[in-house]
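J.: Sequence:
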Amino acid sequence: MSAIRPAAVVVLAAGEGTRMKSATPKVLHEICGRSLVGHVLAAAGELEPENLVVVVGHAREQVTGHLGAVAPGVRTAVQDRQKGTGHAVRMALEELGGGPDGTVVVVCGDTPLLTAGTLKQLTATHAADGNAVTVLTAEVPDATGYGRIIRDEATGAVTAIVEHKDATETQRVIREINSGVFAFDGRLLAQALGKVRTNNSQGEEYLTDVLGILREAGHRVGASVAADHREIAGINNRVQLAEARRILNDRLLNEAMLAGVTVVDPATTWVDVTVTFEQDVIVHPGTQLQGATRLAEGCEVGPNSRLKDTRVGAGARVDSTVAEGATVGAEATVGPFAYLRPGTRLGRKGKIGTYVETKNASIGEGTKVPHLSYVGDATIGEYSNIGAASVFVNYDGQEKHHTTVGSHCRTGSDNMFVAPVTIGDGAYTAAGSVITKDVPPGSLAVARGQQRNIEGWVARKRPGSAAAKAAEAASRKPDGEG
Numbered sequence: 001m002s003a004i005r006p007a008a009v010v011v012l013a014a015g016e017g018t019r020m021k022s023a024t025p026k027v028l029h030e031i032c033g034r035s036l037v038g039h040v041l042a043a044a045g046e047l048e049p050e051n052l053v054v055v056v057g058h059a060r061e062q063v064t065g066h067l068g069a070v071a072p073g074v075r076t077a078v079q080d081r082q083k084g085t086g087h088a089v090r091m092a093l094e095e096l097g098g099g100p101d102g103t104v105v106v107v108c109g110d111t112p113l114l115t116a117g118t119l120k121q122l123t124a125t126h127a128a129d130g131n132a133v134t135v136l137t138a139e140v141p142d143a144t145g146y147g148r149i150i151r152d153e154a155t156g157a158v159t160a161i162v163e164h165k166d167a168t169e170t171q172r173v174i175r176e177i178n179s180g181v182f183a184f185d186g187r188l189l190a191q192a193l194g195k196v197r198t199n200n201s202q203g204e205e206y207l208t209d210v211l212g213i214l215r216e217a218g219h220r221v222g223a224s225v226a227a228d229h230r231e232i233a234g235i236n237n238r239v240q241l242a243e244a245r246r247i248l249n250d251r252l253l254n255e256a257m258l259a260g261v262t263v264v265d266p267a268t269t270w271v272d273v274t275v276t277f278e279q280d281v282i283v284h285p286g287t288q289l290q291g292a293t294r295l296a297e298g299c300e301v302g303p304n305s306r307l308k309d310t311r312v313g314a315g316a317r318v319d320s321t322v323a324e325g326a327t328v329g330a331e332a333t334v335g336p337f338a339y340l341r342p343g344t345r346l347g348r349k350g351k352i353g354t355y356v357e358t359k360n361a362s363i364g365e366g367t368k369v370p371h372l373s374y375v376g377d378a379t380i381g382e383y384s385n386i387g388a389a390s391v392f393v394n395y396d397g398q399e400k401h402h403t404t405v406g407s408h409c410r411t412g413s414d415n416m417f418v419a420p421v422t423i424g425d426g427a428y429t430a431a432g433s434v435i436t437k438d439v440p441p442g443s444l445a446v447a448r449g450q451q452r453n454i455e456g457w458v459a460r461k462r463p464g465s466a467a468a469k470a471a472e473a474a475s476r477k478p479d480g481e482g
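Residue numbers (my numbering): 1 to 482.
Treat the hints with care, as some may be off.
[As the list claims (entries may be wrong)] Computed list of lysine-lysine pairs in BS3-like fashion (alpha-carbon distance at most 25 Å, straight line): (1) Lys477 x Lys461; (2) Lys477 x Lys368; (3) Lys400 x Lys437; (4) Lys368 x Lys308; (5) Lys349 x Lys368; (6) Lys308 x Lys349; (7) Lys368 x Lys400; (8) Lys83 x Lys21; (9) Lys349 x Lys461; (10) Lys165 x Lys83.
Bear in mind the hints are in silico, worked out from the structure with no lab data behind them. Because the structure is a prediction, the values reported are computed rather than measured.
Using the sequences and the accompanying hints, generate a full structural model.
T.: Below is the structure:
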């Protein structure tokens with residue numbers, strides 16, 4: 001069976017989600033780098049529907065704003081009052097100008113584990129069986145609380161969906177359940193929605209009533225069974241959110257490992273759906289990979305690292321590091337305990353070492369910033385070495401200023417580079433210097449006061465102290481001892 005292109009996909013995202021106990025609308029909670037509704041839209045988008053409509057209601061300004069950022073071009077329909085799933089779909093069809101010719105797929109906005117493959121299987125089954133409506137179902141280990149799928153034994157057609165509270169003991173044994181995801185004939189859906197009544201305990205229009213209406217009219221109601229029942233799981237609280245995050249994370253890591261990535265400890269490694277890997281990448285325990293992070297062939301990341309929107313070059317090594325919006329060149333090394341802020345660009349075979357922070361800094365090929373330094377708003381050339389405890393003083397209290405260090409420079413430890421300032425190619429700076437003026441190429445800059453030793457100061461100012469006693473003892477020793 002081949003999937004067909006739907007006339008429309010309708011995403012139901014109007015509910016409040018009170019069980020989340022959150023000021024954030026339920027469908028905007030995130031797992032693995034996307035909102036719940038963002039995952040659903042990504043799966044639905046692979047069907048290439050002619051129309052993609054999201055029904056919004058609760059906190060619709062927030063939800064609509066989010067949709068504009070993550071899915072430009074998606075249409076929205078407003079459900080002012082949450083009067084049931086049937087009413088929500090009716091609002092979507094009104095946005096479309098009525099029931100379209102072709103298939104209309106209805107999905108829930110809180111099912112982030114639903115895959116495009118399962119939706120394609122649903123539409124293919126719907127077309128092949130000539131159904132008026134096809135229900136996505138799943139067989140679950142424990143069906144308690146779910147609506148049971150009742151089938152005609154002879155034809156396999158769905159004859160009813162019976163809620164758990166209404167099911168007989170025989171029906172409660174059934175493990176095939178309703179997912180809340182459907183494929184409809186668009187014209188028949190619009191006609192049936194006009195016949196849905198609100199004579200139920202909730203006073204709402206139930207979409208599931210459409211199935212009975214169409215069956216009574218002589219149309220076939222069928223089902224498509226999801227291969228993995230976890231795909232249809234909806235999110236109603238933070239516990240289920242965490243469970244879905246673990247399932248999706250495991251799915252992403254399995255895909256990466258099957259593609260040639262070594263994940264040393266999947267239980268402590270977390271990735272977003274937007275992260276990409278090349279072969280022979282090694283990811284060590286305690287690592288989080290987020291956003292548009294890309295790991296090139298043969299690089300190693302971790303342990304205990306968090307990378308967001310960061311590119312790591314082939315053969316590079318990033319250890320115990322936090323990085324955001326950074327680029328690490330091929331065969332470079334970073335960490336441990338480094339912080340790469342946005343705009344950091346480390347060249348091939350470069351080094352950013354222990355307790356180094358960088359921001360908006362271009363660090364050339366082979367250049368090293370080994371330890372205990374801050375490099376901000378700077379350009380450093382190739383094969384230079386920045387001494388320990390160096391600070392690029394880029395902020396004057398109002399404006400940021402730039403520092404340029406050339407290639408093959410050697411700067412001393414405990415240097416302050418007060419921007420704007422330029423260190424020429426091949427120049428040296430002495431340890432303990434505060435560099436406030438440009439240093440010509442090949443020069444040595446010394447910017448520190450002359451050392452002065454005041455003899456006998458400790459004995460006069462700290463008499464009887466341990467330091468005074470040690471100094472007195474040292475003065476009695478022959479030269480060369482002690």
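J.: So, for every hint listed, does it hold in this structure?
T.: Each hint tested on the structure:
no.: 1; hint: Lys477 x Lys461; in the structure: holds (22 Å)
no.: 2; hint: Lys477 x Lys368; in the structure: violated (44 Å)
no.: 3; hint: Lys400 x Lys437; in the structure: holds (17 Å)
no.: 4; hint: Lys368 x Lys308; in the structure: holds (23 Å)
no.: 5; hint: Lys349 x Lys368; in the structure: holds (9 Å)
no.: 6; hint: Lys308 x Lys349; in the structure: holds (21 Å)
no.: 7; hint: Lys368 x Lys400; in the structure: holds (23 Å)
no.: 8; hint: Lys83 x Lys21; in the structure: holds (22 Å)
no.: 9; hint: Lys349 x Lys461; in the structure: violated (52 Å)
no.: 10; hint: Lys165 x Lys83; in the structure: holds (21 Å)
Comparing the model with each earlier hint shows violations of hints 2, 9; every other hint is respected.
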